[in-house]
Structures are given as C-alpha cells and as structure tokens.
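Peer 1: Listed below are the residues making up each chain.
Number of protein chains: 2
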Amino acid sequence: MRGGKPTIDDVAALSGVARATVSRVLNGGPNVREEVRQRVLKAVDKLQYKVNMQARFLAGGKTQVLGLVYASDLDSEPNSFYHSGLELGALRGCAEAGFQLLMHTVNQHSLGKTAKIIELVDSRRCDGLILTPPFSDDCDLLRELEARNCPVVCISPGLAAQKVASGVGIDDEVAGYEMTRYMLSLGHKKFGFIKGLEGHLSAEERYSGFRRAIAEAGIGEADVTVMRGNFTFRSGVDLTAAILGNGHRPSALICANDDMAVGALFSAHKVGLNIPQDLSIVGFDDTPVSEIIWPPLTTVNQPLKTIGYRAVEMIVERIKAGKTASGPLPVRFDVVPHKVVMRESASPPQG
Amino acid sequence: MRGGKPTIDDVAALSGVARATVSRVLNGGPNVREEVRQRVLKAVDKLQYKVNMQARFLAGGKTQVLGLVYASDLDSEPNSFYHSGLELGALRGCAEAGFQLLMHTVNQHSLGKTAKIIELVDSRRCDGLILTPPFSDDCDLLRELEARNCPVVCISPGLAAQKVASGVGIDDEVAGYEMTRYMLSLGHKKFGFIKGLEGHLSAEERYSGFRRAIAEAGIGEADVTVMRGNFTFRSGVDLTAAILGNGHRPSALICANDDMAVGALFSAHKVGLNIPQDLSIVGFDDTPVSEIIWPPLTTVNQPLKTIGYRAVEMIVERIKAGKTASGPLPVRFDVVPHKVVMRESASPPQG
DNA sequence: TTGTATGCGTTATCAT
DNA sequence: ATGATAACGCATACAA
Chain A
1 MRGGKPTIDD VAALSGVARA TVSRVLNGGP NVREEVRQRV LKAVDKLQYK VNMQARFLAG
61 GKTQVLGLVY ASDLDSEPNS FYHSGLELGA LRGCAEAGFQ LLMHTVNQHS LGKTAKIIEL
121 VDSRRCDGLI LTPPFSDDCD LLRELEARNC PVVCISPGLA AQKVASGVGI DDEVAGYEMT
181 RYMLSLGHKK FGFIKGLEGH LSAEERYSGF RRAIAEAGIG EADVTVMRGN FTFRSGVDLT
241 AAILGNGHRP SALICANDDM AVGALFSAHK VGLNIPQDLS IVGFDDTPVS EIIWPPLTTV
301 NQPLKTIGYR AVEMIVERIK AGKTASGPLP VRFDVVPHKV VMRESASPPQ G
Chain B
352 MRGGKPTIDD VAALSGVARA TVSRVLNGGP NVREEVRQRV LKAVDKLQYK VNMQARFLAG
412 GKTQVLGLVY ASDLDSEPNS FYHSGLELGA LRGCAEAGFQ LLMHTVNQHS LGKTAKIIEL
472 VDSRRCDGLI LTPPFSDDCD LLRELEARNC PVVCISPGLA AQKVASGVGI DDEVAGYEMT
532 RYMLSLGHKK FGFIKGLEGH LSAEERYSGF RRAIAEAGIG EADVTVMRGN FTFRSGVDLT
592 AAILGNGHRP SALICANDDM AVGALFSAHK VGLNIPQDLS IVGFDDTPVS EIIWPPLTTV
652 NQPLKTIGYR AVEMIVERIK AGKTASGPLP VRFDVVPHKV VMRESASPPQ G
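Same order as they appear, the protein sequences are chains A and B.
Start counting the first sequence at 1; every next residue gets the next number (our numbering).
Start counting the second sequence at 352; every next residue gets the next number (our numbering).
Hints are computed from structural coordinates only; laboratory data are not their basis.
Quick caveat: nothing in here was measured; it's all calculated off a predicted structure.
Among the hints, a few may not be true.
Which residues of chain B face chain A? A few of them, derived with a C-beta cut under 8 Å, are [stated by the list, open to error]: (1) L409; (2) S431; (3) L453.
Ideal placement from N, C-alpha and C gives every residue a C-beta, glycine not left out.
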C-alpha cells in the first residue's frame, strides 16, 4: 500500500490470509471459516478498504452498468415526463439489482446514431441496453446488438421489433381502441386524431385501435380528421389550430400523447373555447402534466415507472442467463396493464 | 485472439509491431512513422478492433464517467422538468467532452444517503460528481468528497457551500428581489409567498430577495402571508387553498418554483377565481410547464440546460487540472444570468 | 478450508 | 522510432 488506497493485497496481508480468501469473503463465497471471515472483515474495516470496481470488472468481464438510451433533438424540448418516469423506474430497479445506470442520448437524425450505440457496447461500457422509442423499433440496430450478444430490452417496441428483441409496454392498440370506445360511448360522432412521429410504432398502434373502433361504430371518413404531429406541445398547439380553423370542427379530439393534448387544450383556450363543453380533448400516457392542467386531462394511464423498473428486471435476468451458459433466453414481450382515466377534459358533446 | 474480441495484442501481431506502438497510434502519441501508423490503422480496421475501456481505465486510473446525483422521494413525484433540463445539458456537455453520465438518485431522508454517494467515488465508478440540491448544500458531504479529492461541482449551492466547493447557478437572491419588484411595480400591496423545502438554500435565497424588496417598499408584516411548501404541485394546491381560505386574501402570490405555482393556479381555478384578474400568481424556474399551462405563467427563467452544461465543463476542467499536478483549482461559483419572463399570470390588481 | 498462479487488456516506463 | 516488461487490482481455476 504505497500511499494510494488499500488494495485486496493489503487486506490479505493484514489479516494473514491469501488474496483469494479475501476475495471469497468479499463475494460471499463458500468454504471460509467464520473465524477467518471475521478476521478479514476486521481488516477491511480497519483499512477502510473498498473494492476497486474497475479492477473487479476487468477481471470478471462485467461492468454492472446498464445503458439507457433515448432520442433527443437538441432543438425540440424532450418529452421529459415520459423519459423521467422511465428513468426513475429504471433507477429504482438498478438500485435493487446492484447496477448503475448510464444515460445516453442520441440525436435520432444524426448519421452515426447506430454507431454511437454500438460503440457503447463494443467498448464494454455496459452489460446491457434499454432502448426507448424510436430506437426500440430499429430492427437493424437490434440485430447488430444481438450479433454482439448484448442483452437488450425495448420499451414499447412495435410488432416487428417484438420478434427481434424482448420488450415491455402496454398494449397500445387496445388502449387506442378503448379510449375511442369511451369517446363513442359519450356520444361523439365527429373525431379529430393527432398522430405521433412516424416510426414510433407503438404510437401508431394507438391509431390502429382508434380506426378499429371508428370502423365498428360505422363512422364515415368525412367525420374524422387526422393530422401527424411530433409528440411536442407545440405540434399540439399548431395542429389543433389548423383543425379548429377548417370549419368542419370535430367534437372530440384524440391525441397520441399528453403533451400534444395539452397543446390542444392551449390552442382551444386561446380561441375562447370551453373545454370540455365545446370540445373534448384526450391524450395518452397520463404523465404528471395531465393532472396539473386545467381542466384535468382524460387520458390513458401508461405506468412508466413500472415499465422502466420491469425493463431492468428483464435485462438483469438476461444478463444472468447469459453467464450460466444455459443458452440465451427466448425473446418475449411483457404487457403491463393500462387504464383509461376519466378526468374532466372529455364529456358528451353539447350542441 | 481465442474466440473473444480482438485485443491490442492481436492488432500488434497482425501489423507486426509491438503492443506499445499500437497504443501510441491509438492515443495519438508521438514518435511513430507514418508508414507504421497506417499499417496499424489498417490492422485495427481489418480486425474491427475496439479499445476495451475497462482495461484502459484500470491501467490509466480514470473512468471518463461523471456522476449526476439527485434526490428522489419514491412517493412524491420528482421535479422532473427541473432535473431533465439539468440532465440534458449535462448530457450534451459529456458528449462533447468524451465523458459518460452515470445517474444516481438517493432518497434524501434515508440514513446512508451520504455513504451511498461516497461509495460511488470510493469504488472508483466515476471521476467526478455533480451534486444537485439539497446535496449541493451538504457541507459535510462536500468535505468528505474533498478529502478524497474527488472533483465536485454543485448546482445552485447556498452561500455556505459555495465556499467549500465550486458551483453554478443563478443569483437567487437577486432573482427573488427582481420578481418582487416587478409585482410591486404592478401595484400589488398584499403578498403571499410559498417557500420551498427547508435546506434548499438557493430557494431560500429567493425568499430573502423577496423580503428585501418588501421591506424597501414599506409593506407591513400584516400584508404578507408566508407558507412553507415542498416544491411539489400538490403542496402548491394545498397551501394556496389554505391561503385563499383565510379571509385576508393577497392580490399576488409568489411561489418558490413553477410546480407550486401551477398548483396554486389549479387551486385558484377550482374555487372559480380568474387569473390574473382576481389573483396574480408567479413562479420560479421557467420550466416547460409554465408555457403550456393556462394562463401562461409569469416566472423567472433559470437556464437549466446551460447550468447542466456548464457544470460538466467545470468538472472536466478540474479533472484535467488534477492530472497535471499543478495543484487543485480554486473554488469558485459561476453565476449564469436569469431573467424574469412576463407572461399572463400576473397583472395589476383589480378591485 | 485455504493458498498459488495466472489472466483480464491497457497504459506507462524503461531500454534499445 | 520501437520494443520488452512492469504495473493496474481483482477473480478464478487449480493445487494443496
């Protein structure tokens, strides 16, 4: 121990045992007398010894680090409640599993987006990756990761990606269907729908569910206005303004996420509409904004923290399985329950 | 190269040079002929060789990882726009500086909170730490970190902590003063103030600025109602309900952060008040919610992304300085500019 | 039950 | 300009 921090050898020397024995007690290994164990522990305490994770991981080939990657456009505000919820759940899962969480954002429009992610695993900075949309829908990326047999869990992947890698999420098609059924039950007959970004397949599923319900109800094409947004508040504002301006105003407006729904609310307020009397507006996700806005937003609850938590559970499972040489775990998709939560932004149409 | 990934030795062998030479070209070292350099590069490319960061860092004693720690109560929703902004800025800084960002939450009420943070550096998982409130005000923690000479940068530390470790933030006292002056200029004479959590010294500074302006204006104690909240939307709702219910209603309500201001808005709406005609409500931070709420919130802009970005710049500086043995950098506090942004939730009092 | 020896993949320090 | 070799601090297979 030449001035620096104490090493395992210092502990071994002080407690009069071999390095391997110290390693055993540190890792809860078998075959160590209680007396020796205590002696080692005492030395550890006396020296204030801490394992050097760098060394442990180099020797063991692990990192105990999980990477959470999400898309960010530096210009557009991130969907921060969405990501925060996921992150918080993942963080909690990591704490329980003894992992650390490495955040990684990549601009979804940059050229080397895939390379940046691949490099993370090639350079051995983490043992596994949690991918959020739209990366969780990038089958090419998924396959590259699989080739390196890097454990991966996708958040809300679309149908195609679900066959390539494991994932967690709600059943978005059913969620879209149920929300629409609810609006139908309220008596609405003219609809507006603001979709999310292209390529976010799970959000697209929401739209599919909407179409199914609409078709079943026999609503004609003339009575539905569809717009494509990009999940941001601003796109909700702008598209709603467009919808309200075109004369053929719907009585119900369904948005593919809460941020856009809040934007819609904003736009409607601006032109003096009363919500929900003049227009019902609903969203998806049940992020915290939906509760703090006025009127409180009717939306579909997607348990983001649970999803983030479950994602690390799944990935840790896969990492362990990978080590036991029992072969890779089969790909699977975990469905967590959603729920339409009725608040005050939707009501029967009036007038 | 026995089946696993190629190592530096494989590259050395293929290009017919020594390991050290490969290391030189990889790290842009001097003393290597251009011809050799090309040969090595070609081998690297052919083998698809990637540096194993684990090994590099063990050998070099670095990790190229920064830890960002923030408080979380599992029960209360996190102040996610606040943290997201910081995180996004930090992430961008990390990308530019070649660092990775490790997220770490710790329950601020748990016993071992300090130990959890210390362990992060003792086990050498990161080269430096960015602390957010209230940890950025924990002088004991700061000193323990300094003893381990772990580079630290605090986000919005209070006056005491500013002397112990470097930090970044706005001048909260002046911000509080200016906001209050603005309300005064609007003609308000009866104030309500909802403070943040105790121990968040920077938020407390906001309150000091408020008191200074109030005193200067000669407003009497009878005309100011002060409550202590905890930064959450809910506390804003509850405390505002209490304030509105006590008869002596203020015409202006200042909240120590936006979330509470939004809660105040919610509460006011609920009892049928018109904002800002019946009551002016303002916040602090200018998080995205303040723009999407109705009416748009008058607040103080705190450039969170810039602060997060600046924090990693500062810490990277300190890490580099630490390596060059030129002695530790002096403690300093970087003030970034704030700005009161006037939107629609505040107006002259009416009636 | 415990100790020995070797490997992990780099960087860094000397030689040459 | 290049090469040999020693750290770096731990895990682990194998020997005792």
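Peer 1: If a hint holds in the structure, say so; if it does not, say that too.
Peer 2: To see whether the hints hold, each was checked on the structure:
no.: 1; hint: L409; result: holds (5 Å)
no.: 2; hint: S431; result: holds (4 Å)
no.: 3; hint: L453; result: holds (6 Å)
The structure is consistent with each of the numbered hints, conforming to all of them.
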